[in-house]
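If you want the building blocks of each chain, they are given just below.
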Amino acid sequence: KNQVEQSPQSLIILEGKNCTLQCNYTVSPFSNLRWYKQDTGRGPVSLTIMTFSENTKSNGRYTATLDADTKQSSLHITASQLSDSASYICVVSATTSGTYKYIFGTGTRLKVLA
Amino acid sequence: EAGVTQSPTHLIKTRGQQATLRCSPISGHTSVYWYQQALGLGLQFLLWYDEGEERNRGNFPPRFSGRQFPNYSSELNVNALELEDSALYLCASSPRRTNEKLFFGSGTQLSVL
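Heads up: the sequence lines are chains A and B, in that order. One point on numbering: in my numbering, the residue at position 1 of the first sequence is 1, and numbering is uninterrupted. Quick note: to get my numbering, add 114 to the position in the second sequence (first position is 1).
Warning: the hint list may mix true and false statements.
Stated by the list, open to error - Quick look at which bits of chain B chain A covers, simulated, 3 or more residues with Cβ under 8 Å:
(1) 147-156
(2) 159-170
(3) 219-227
As the list claims (entries may be wrong) - Computed spacing ranges between beta-carbons, pair by pair:
(4) A:69 x B:183: 22 to 30 Å
(5) A:51 x B:171: 22 to 30 Å
(6) A:3 x B:166: 28 to 36 Å
(7) B:142 x A:95: 15 to 23 Å
(8) A:69 x B:171: 28 to 36 Å
(9) B:116 x A:59: 17 to 25 Å
(10) B:210 x A:42: 19 to 27 Å
(11) A:79 x B:185: 39 to 47 Å
(12) B:194 x A:58: 42 to 50 Å
(13) A:20 x B:123: 18 to 26 Å
No lab work stands behind these hints, which were simulated from the structure alone. A virtual CB, placed ideally from N, CA and C, is assigned to each residue, including glycine.
Using the sequences and the hints, build the whole thing.
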């Protein structure tokens, strides 16, 4: 069964600190993995995408890693800011005969405190 | 360039009523996806339309239905509303049947009283 699990469910950190969010997946056939940021009451916005052959991708203070062997990904946030407070969603895409399926994790809710 | 737009922003209905949610994709995008996000839960896939046809459907009852118009905009209809239908309904679009990232609208917050 295609599944994406994220941990922790929620996280509280102080402004300026670093944090790492985890994503484990069992999706086949794997196409790519994206991290989305969702502000409260808004739609998710794509942060990074990684394909099977990529193991690191950065977008400013966000760095995503992918280990295709262990089927794990992480999102590392450096020098957190108050605006980083949001839900972070891991989405794995599977491709079968030209049909694309997006499997969403339940997200990690991050709260950055001043 | 306009993003994905959804209307209305908020919708309040009572049990048993019907709700219609609308979505306009980014210009040039032919695929439209609908998701339900209940409070505190992850996104649950509802429907996928591409070029006017329903391509895939999530594990939801038949009272959740929709359609895609020739201009690629889409409607989601929910009949016989139940209290547990209260959720944020998100629409996303992507270029035709590609594996590109999804662009999401801001959603419609449906409250069923």
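Going down the list of hints, with the structure as the test:
{"no.": "1", "hint": "147-156", "result": "holds (count 4)"}
{"no.": "2", "hint": "159-170", "result": "holds (count 3)"}
{"no.": "3", "hint": "219-227", "result": "holds (count 4)"}
{"no.": "4", "hint": "A:69 x B:183: 22 to 30 Å", "result": "45 Å, violated"}
{"no.": "5", "hint": "A:51 x B:171: 22 to 30 Å", "result": "27 Å, holds"}
{"no.": "6", "hint": "A:3 x B:166: 28 to 36 Å", "result": "31 Å, holds"}
{"no.": "7", "hint": "B:142 x A:95: 15 to 23 Å", "result": "21 Å, holds"}
{"no.": "8", "hint": "A:69 x B:171: 28 to 36 Å", "result": "33 Å, holds"}
{"no.": "9", "hint": "B:116 x A:59: 17 to 25 Å", "result": "23 Å, holds"}
{"no.": "10", "hint": "B:210 x A:42: 19 to 27 Å", "result": "25 Å, holds"}
{"no.": "11", "hint": "A:79 x B:185: 39 to 47 Å", "result": "44 Å, holds"}
{"no.": "12", "hint": "B:194 x A:58: 42 to 50 Å", "result": "48 Å, holds"}
{"no.": "13", "hint": "A:20 x B:123: 18 to 26 Å", "result": "34 Å, violated"}
In summary, the structure is inconsistent with hints 4 and 13 from the numbered list given earlier, while agreeing with the others.
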